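Keeping the supplied structure of chain A fixed, place chain B upon it in accordance with the hints.
Here the protein sequences line up with chains A and B, keeping their order.
For the first sequence, the working numbering assigns the number 1 to the initial residue and increments by one for each residue that follows.
For the second sequence, the working numbering assigns the number 1001 to the initial residue and increments by one for each residue that follows.
Rather than coming from a laboratory, the hints here were simulated on the basis of the structure.
All values reported here derive from a predicted model rather than from experimental measurement.
Glycine included, each C-beta is placed from N, C-alpha and C at the ideal position.
Any given hint could turn out to be false.
To be verified - Reference listing, derived: stretches of chain A covered by chain B, where coverage requires no fewer than 3 residues with Cβ under 8 Å from a Cβ of chain B: (1) 49-61; (2) 81-87; (3) 92-98; (4) 104-110.
As the list claims (entries may be wrong) - Between beta-carbon pairs, the in silico distance windows are: (5) B:G1314 with A:R14: 27 to 35 Å; (6) B:P1389 with A:S59: 17 to 25 Å; (7) B:W1366 with A:P67: 51 to 59 Å; (8) B:L1022 with A:P67: 24 to 32 Å; (9) A:R17 with B:G1318: 28 to 36 Å; (10) A:D179 with B:L1268: 50 to 58 Å; (11) A:R14 with B:P1337: 51 to 59 Å.
One letter stands for each residue in the lines below.
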Amino acid sequence: MPEPALIWDSVSARYGRRTALDALSLSLAPGTVTGLLGPNGAGKSTAIALAAGLLRPTSGAVRVRTPAGPLPPTHRAARAMIGLCPQSPALYDALTARENLALLGALYGLRGAALTARAAECLELVALAPRAADRVGSFSQGMKRRLSLAAALLHSPAVVLLDEPTAGLDPHARAAILDAVSALRSAGAAVLLSTHLLPEAERLCDTAAIIDHGRLLDLAPPRQLIDRHAGPGRLTVRHELGQRTVRVGDLPADLAAAAATPGLLELRLERPGLESVFLTLTGRAPRDQ
Amino acid sequence: MTHAPRPPQTLALPRAVATLALKDLRLMWRDRVGLVFTVWFPVCFAALFGAVLSGPGVPQRAPLALVDRDGSAESAALVARLLAAPEARAWLAPDEDHARRQVLAKRAAAALIIDPGFAKPDPPTHRAHGAAAPAALALRLLTDPSRAPEAAALRGVILPAALTARWGAPALAGPPRALIHTEPLGPGAPQLGAPPSAGGGYAVSVPQGMLWGVMGAAMAFAGSLVAERRRGTLARLRVTPAGLTGLLVAKHAACAVTCMGVCALMVLLGVGLAGLRPVDWPLLVAASACTSLGFAGLMLLIAGLATSEPAASGMGWGVLMLLAMLGGATVPRALMPPWLSDLAGLSPVAWALDAFEHALWRGGGWPAATHQLVRLAALGVLAAAAGAPAARYLGPARRGAPDT
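Chain B with its partners taken away, still in its complex shape:
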């Protein structure tokens, strides 16, 4: 036995944190069930929900911006019909650019552009964005891919109104959809005359999948921290020179890295398989980082408050599911009643989705997303600050007498 006590050696805190974080990542990798929830579930969610959003959905009274570039009596009649239509909430926008911004800012589900030539007897071949369209009405519908169901409902309102305004009859022979050129804003390589592309639907479901992955990672790490208390590994690690500070920082870092990894994976899949073309990569990185920071902080808070693994799981999923449902990670906010949609603004899931959408396809850059990034980062800091003191008592002193 060569156990002669030797002078103490300690590891610098950053190195200790890195060592502990690597341990957590290794454990995460070996936890197959946790991996399913963190990686595969979000991928499946994004794939399935993207497909759902790419098809026709539930019609409802949808906000519609109108732009009359034709200026004819027929176009004026169409505008009048749409303003009066009970199925839509329409208003006149001054120009196409303004209407486009209304859609991107989520104030309109779609914008109808009545192009010059609407009143001509034989509509000319329409060219826009370099893509040829079939012979059709000189109408373009700019849509928000996250509101495909509303856009579909609006097409059903616009078409008979246009036909009536143009030819005096609400129906015409031929495929009705080909008469209106639909242009989903954002990714998805819109083809004029085509329905919202698959990419459009995935532009909504990929950020949702990212959020599910982030929440899965947060839950997995919250559970692992509570499990470490139960198994006693927390006490053993607290006794090392790394101490509780190093332990918590490492857990937070490992959780944030995992969240970032899930976000990166989802974006890669979105780009590679669903045709996503992020419009602002730096913003996307910042959104991923702030979201990861926010939810890693929530992880610490949940772990600090939970008394057992089932409690952590129940509390975590209860809170996160509520935030997810409220924030639009299951049903898009556009499909919610207005009061619920307003309430959804309180959910960090909504903040993150908003930031991701601005970075992925909605545009608007930093001015549009900065306030959400700040909210997420602040949430992360505050939740970690609240959770860390609670986690301080994760040792035997917590909640009554220890096992003496």
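Next up, chain A with everything else stripped away, as it sits in the complex:
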């Protein structure tokens, strides 16, 4: 198994008396997408801010793998390994898309033709090449988010931190971003994806971490999480006299029994998703920020 590209080692963060993150231990492996799931105020953005070096942990340590060894993300060499796509687009409206990328690329040491080529490539990736010379102020929210992703990928970072990159986007923009994330995984980047959109996390993530109140509740591949917390699902049997729904215990046996129902018209197996896991683990009460 490859060495993790980023590690949270029992990391806690407190704001005054409030604990935003409580002894989080998590690691990102190269070539994987890890989903960070949790309700509002769970500590997702704090975990990302710690990984990006924007916050210092109250206790514990965050380490980024660099050619010089593991370093805290506040170190210059570690910062060069990280690409951050924050919740808000975080771009300069008065600059064009190309100028925004040129600025950030230059800060990561890209210059001249290499910078121009890489900026063009990233703009192509997020389908914004035709708007490269337009000021960002004229972009829609979806375009800004795509450009924000391009900005995070410009320097080909080993670790990519995506803080709700698809929130509030239309299906086309969301698909473009998710395709880009898949491509990142294929290219060997370690991706952390914080999102509220559980179906997309289920589809995309190799591992999902569910956190609430700053604590890691569980960490596993989505399918395992579902099996562990939501069970194999419900089986609906419709027959000539009506219909019945049963909670699946032993799927083969339950299916066999349902198939033997006299006058069977339809069998429907409802597989639970991450949403069920999420609600099971974090409860159903709405959260404030």
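Frame of chain A, contents of chain B only:
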């Protein structure tokens, strides 16, 4: 997709700072409203206020140095009348050079030189500084261009006193102003017998305009730093190898460069359009640099303390307006009551104006201005040192819980 992670590359800090500073300058250039306050407002201010200062102003009891070079009974009578005049606070200076220095050092609003020949029945044509004057009394009034209103008031006191001392009557036929030769000290190509020249008024308003431009630039950059926090660009830039240090140094540098640019523009306009002739160019450059350093430091402090753009704007303009008004960037200090004028010495605006005036026309060189330059530089360093740690928390950790 060719996004294979590649070995990290980092940019040397000076290059990162230059890249970020250029970004700030480009953004500044594209912010039309900011440009208005930084460039056009000071130009308009200097033009209008220069015109105001070039005309007659509000009379008040003004300090007047007297030099009696005639030594006649008539000149002694004039001196006695002026020493007793309730409208002026007059005293005898030992010689013209001393009196001139009193004016340049702001201890006198003007100096009256009673030249030899004052007592003669027909005053000879008076020549001074190579300029011919009309037939007049042998009186020269050396004035401080920044105190034109006081000088005008003094002329109104001197003329009847001189006429009474010379001919026994307080009035004489003919234009009264032509009888006293007014010489504004500093720039403005003084013509004997002429009122304070336009250049004299602009010698005061151009430094004031420079200060308004510097303050406008400081406010624009303070606002932009706070806006970067709100928009999240600050967090994105902090994650780059440039880091927060590079970011703050770049913001400071871009602000200082803009301040220097505004100062240069104002001086160019003053030289080209208002006839300013700076007496000490190196001092002018140093004054611009120290002023820029001081106010760029204040910019960081304001940005570090402000929680939002409106707060930055309100706090910034509130503080800077107070400093500006107190320091003489709106009303010259000479027109303030003595206690307020003393208090004005606490304002960095007053320090900067003083340094600019010494460089532009007042003279006195480095000895006269060094302490102001040191104060401005120290202010810049201290304010930046206080503001930078505050700005350290411009990220999501500042003020309570972040948006988690």
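* Taking 8 Å as the C-beta cutoff, is the stated coverage of the region 49-61 of chain A by chain B satisfied by three or more residues? -> holds (count 5)
* Asked: Is it true that the C-beta distance of G1314 (chain B) to R14 (chain A) lies inside 27 to 35 Å, as the hint says?
  -> 32 Å, holds
* Has the hinted range 17 to 25 Å been met by the Cβ atoms of P1389 (chain B) and S59 (chain A)? -> 23 Å, holds
* Range hint compliance [Cβ, W1366 (chain B) to P67 (chain A), 51 to 59 Å] -> 53 Å, holds
* To do: State, for the Cβ atoms of D179 (chain A) and L1268 (chain B), whether the hinted interval 50 to 58 Å holds or is violated.
  => For L1268 (chain B) against D179 (chain A), whose Cβ atoms are near 55 Å apart, the range 50 to 58 Å holds.
* Asked: Per the coverage rule (Cβ-Cβ under 8 Å, at least three residues), is the region 81-87 of chain A covered by chain B?
  -> With 5 residues close enough to chain B, the hint holds.
* If you check the beta carbons of R14 (chain A) and P1337 (chain B), does the distance land in 51 to 59 Å? -> 54 Å, holds
* **Given coverage of the region 92-98 of chain A by chain B, checked by CB-CB distance under 8 Å (3 or more)** => Held - the region 92-98 of chain A has 3 residues with a Cβ nearer than 8 Å to chain B, which meets the minimum of three.
* To do: Indicate whether the distance between the beta carbons of L1022 (chain B) and P67 (chain A) respects the range 24 to 32 Å.
  => 30 Å, holds
* Asked: Falls inside 28 to 36 Å, the C-beta gap from R17 (chain A) to G1318 (chain B)?
  -> 33 Å, holds
* Outcome, coverage hint (the region 104-110 of chain A, chain B; C-beta under 8 Å; three residues) -> Coverage by chain B holds for the region 104-110 of chain A (6 residues, Cβ < 8 Å).
Violated hints for the displayed structure: none, as all numbered hints are satisfied.
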